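J.: Spelled out from the first residue to the last, the chains are:
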Amino acid sequence: MSERWSREQVLGLAPDAASHKAAGAVAKPAKWSGLGASDGAVWGECQGSGSSAYRCAVELAEPAFRCTCPSRKFPCKHALALLLLWSEGLVADGDPPAWAAEWLAQREARAQAPRPVSAPKSADPRTRERREQRVGDGLEEFGRWLRDQVSQGLVQAESAPYSLWDDAARRLVDAQAGTLAGQVKSLAAIPRGTGSSRWIDRLLEEYALLHLLTQAYAKQAALPPALRETVRARIGFSTSQDEVLTGPAVRDQWYVIGIRDTEQDMLTTRRVWLRGHTTGRSALVLSFAAPGRSLDTTLVPGTTVDASLAFFPGAQPLRALIATRHEAPAQLPPPSTTIGAFQAEYAAALGHDPWLDRWPALLADVRLSRDGRIVDPSGAALPLHATEPWRLLAVSGGGPITIGGEWTPQGLRALSGWHPTEGVVIP
Amino acid sequence: MSWSEHITAALLGTRRRAVPAMSLFDSVPAAEGFVEWQGAADPAGRLLEQAAVLTVARRAGWPAAEAEPIAAAPPETVPLVPAVAAGRLARMLRGDHAKALPEWLAAAERAGYRVPARLLPELLERGRGDRALRPFIARTTGRRGLWLALQNPDWAYLATEDVPASSETDGVWEVGTRGQRVAYLTRLRGTDPAAAREALAATWAGEPAADRTAFLSAFETGLGPEDEEFLEQALDDRAKDVRAVAADLLARLPGSGYGRRMAERARACLRPERRTVRGRTQVWISVEPPAGHDTGMARDGIPFHAAGSFAPAQLGSNPVGTRAGWLREIIARTSTGTWTDLFGGTAMEVVCLPIADDYAKDVHLGWARAAVRQHDATWARALLKGGVVVDEVEALADLLTVLPDTERDAATADLLRWAGDQTGLLRMLERIPGPWIGGLADIVLSALSSAVRHAGDPGAPGHTRPADSRFLGQLCRLADERLDPAAAPKLAELADRHQDSWPLAELSETLRFRHEMLNELR
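The listed protein sequences correspond, in order, to chains C and S.
Each residue of the first sequence is one higher than the one before, starting from 242 at the first, in this note's numbering.
Each residue of the second sequence is one higher than the one before, starting from 20 at the first, in this note's numbering.
So that you can see chain C by itself, here it is in the shape it has in the complex (with noise of 0.2 Å):
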């Protein structure tokens, strides 16, 4: 019997702050019959503002929801509203109606289907020879463009329009650099960025490590391959998911440290931070979601989950995918570290993959300093980046407090603490 999940694990499905209100106000006895609940699923019909009944059905594993209001949403009102009676106890066990059993058995079979492996994209050679070319001259261009902007002076970028870059961006993109012209894009948000440190500096050491880049690749053949791996990365060549998922796995127990989401161009960017506790390695899972849709909430800032982790390759492993989870295990406190021992680590980081510009910090002990910065025991201290520090600071008393976060060269961006006896909580 699945465990009944609380309010706050239901409205955490909700895609936004309108469908929160929403399913409050449908979540009401009267407006539902034919409710009933079973071991995997939850379904009822609501009555809508028209004459006809919504039938809405939720499956509980994934969760999978199926509703047949015109909403674009996803969950619609109605399934976290639904979700929100069950969770409150209103809901009686029974059988599903025909409805409900038929999309059941149609997804329970569509599950046990055997998961085809999608063949690689570009198995002709020819291809990949284009792509190949294709990419060396974009970057060549880039570089040239890079060169000129450092020759005529910077001090022009400060009142330079978007399309500076965006234009650089979009022949990247015609170059099939796609992840490479991303990061040329978000540089035009710099120089008029606000922010501890000037804008110069951010985009001079920008654009040093791009210029590093397209150098990188020019001479990739004399690079050893996990560095090749990582510049080729960086460009825009990707590995298949299914690939990742066939090589090897790590193993572990891993603390969750902090979520922290992103927008670019109408997609959000989930980012989990990892510590495994007994190899002390740090992970990075990635997960998106198209506006409307909700995110995947199957990792809690936290928690500790037992999973084999599948690493991207590169020089400084870090993206990974969950290859499988196990069992939950008992929750363990965070494998934190000292200041110290975490500039240590950052800095080895760097030495295998010089373009990290993110890396996941775990302090032990550490306290709130007046000015926005974080002091452990030794003295030690770090300043904080766009984090409210109130729940922080209240939760600590004062007093030592594990934070996680995610460091990033403006300061760490506090994602969560730890306390022995408040528990977990979220900045």
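Please keep in mind that the hints were generated in silico from the structure rather than gathered at the bench.
Given the structure is predicted, the values throughout are model-derived calculations rather than measurements.
Be aware that one or more of the hints could be misleading.
[Stated by the list, open to error] Covered stretches of chain S (chain C as the covering partner; in silico rule of three or more C-beta atoms under 8 Å from a C-beta of chain C):
no.: 1; stretch: 29–37
no.: 2; stretch: 167–181
[Said to hold, decoys possible] Quick list of in silico lysine to any residue cross-link-like pairs, SDA-like style, CA-CA up to 25 Å:
no.: 3; chain 1: C; residue 1: LYS269; chain 2: S; residue 2: LEU112
no.: 4; chain 1: C; residue 1: LYS262; chain 2: S; residue 2: GLU141
no.: 5; chain 1: S; residue 1: LYS509; chain 2: C; residue 2: PRO270
no.: 6; chain 1: C; residue 1: LYS269; chain 2: S; residue 2: SER488
no.: 7; chain 1: S; residue 1: LYS404; chain 2: S; residue 2: VAL391
no.: 8; chain 1: C; residue 1: LYS272; chain 2: S; residue 2: GLU535
no.: 9; chain 1: C; residue 1: LYS460; chain 2: C; residue 2: HIS518
no.: 10; chain 1: C; residue 1: LYS269; chain 2: C; residue 2: GLU329
no.: 11; chain 1: C; residue 1: LYS269; chain 2: S; residue 2: VAL391
A virtual CB, placed ideally from N, CA and C, is assigned to each residue, including glycine.
Go by the hints and put chain S onto chain C.
T.: Chain S only, in chain C's frame:
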């Protein structure tokens, strides 16, 4: 620093500025298996390459500076609220039934609990926007709440709110926040009023005006004739609020110089007169409002423009003239004993005396205000029973607060029955604070059932539908917050009978929520 040289060169451009030399490369040996480094030919390329090395070096070698951590919060003295109730508070802070928040906080305070630390930022942020919540928040956030509030300028309001006495520490009178000092002073007034007076007199001159007002208000506890001298001094204070508080407090000391001055003025205005009307000889009160406003009156707290003198006419009432306003103020500040002395007899008899010259309303309102200020239950009873104060619903509701608890419910029920029609009932109910229990709850329930019946029945004589549904809506809105949750079962029954009335359904649901909420906090 080499980096800043590179920045300058990059800003100006390598055409105008030479690339700075960097000897780093010469000293670093080529690592195993790596490509021998060959410098780029053109200056821009060389600048970028050197900048790349510097960037990675800077990122890897970020120095961890020294910093001073914030001092720890004091330990808590009060237990945490039960986990279920904390979950419900989290729901309310997210917006679910947020109107019940003051009630939740008051119930938590009564049960002696405090709010969990993780919810403090949201609660304090709510208090920033909603002033009515602030006293409740101050009493349930414990010591950590105050500590946290002092770290954030947006939440500094908490320092001025009264906190429970248990959260004080030693030496609080010297170094505490305003709220803590007021609590200390109030507690001291309860045990040793003279010592409290001396403590305040010692620091009086140096306190800011807002603090002086708050401290003087604490003198309400343990008020006695020995305070007269200090209060007379405060009557001459620079700040208007301090003078107003001092005048209010002095009005409660009948034997004081203030009381005597006021009684004199009152006697000049109201006089007994024997008149014969229709063959009956009876004592009448003849009224003559004060002719002018002198500095003595101003000093004693009678404003030149009395409250409401130029207020626009409300339903059924006329704007108050200036002299009538002064009359009201004088009567409001005179001790109620003066009237029984002047006219003889009990309060009830005095209230029923007829008044000449059209000033009846002013005199009665003045008496009502005096009864409220001086906490005189006898006069309150007399005024309520005498039925002389009509149309001023707010004054009547205030009189109810003065009555002792045992009588209050019955008196409220009587008053509501007398209020009769819908608008009067609503205005009165707005002034009666929650919780509405016992007889009051019954009256409200019957009002709800008749309203919903009329709202749903187009054929009912004399009532139009829109007005009724508006009345129902407004009554439900008030009842949402104040009606006793124990009335939930009866209301659920009523809601079931009238299923298409959505205000009633919402009210029923809200009451069920509040009922569960209060159960969790027991």
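J.: So, for every hint listed, does it hold in this structure?
T.: Here is what the structure says about each hint:
no. : hint                  : in the structure
1   : 29–37                 : holds (count 7)
2   : 167–181               : holds (count 3)
3   : C:LYS269 <-> S:LEU112 : holds, 21 Å
4   : C:LYS262 <-> S:GLU141 : holds, 19 Å
5   : S:LYS509 <-> C:PRO270 : holds, 19 Å
6   : C:LYS269 <-> S:SER488 : holds, 23 Å
7   : S:LYS404 <-> S:VAL391 : holds, 15 Å
8   : C:LYS272 <-> S:GLU535 : holds, 22 Å
9   : C:LYS460 <-> C:HIS518 : violated, 38 Å
10  : C:LYS269 <-> C:GLU329 : holds, 11 Å
11  : C:LYS269 <-> S:VAL391 : violated, 46 Å
Checked against the numbered hints above, the structure violates hints 9 and 11; every other hint is satisfied.
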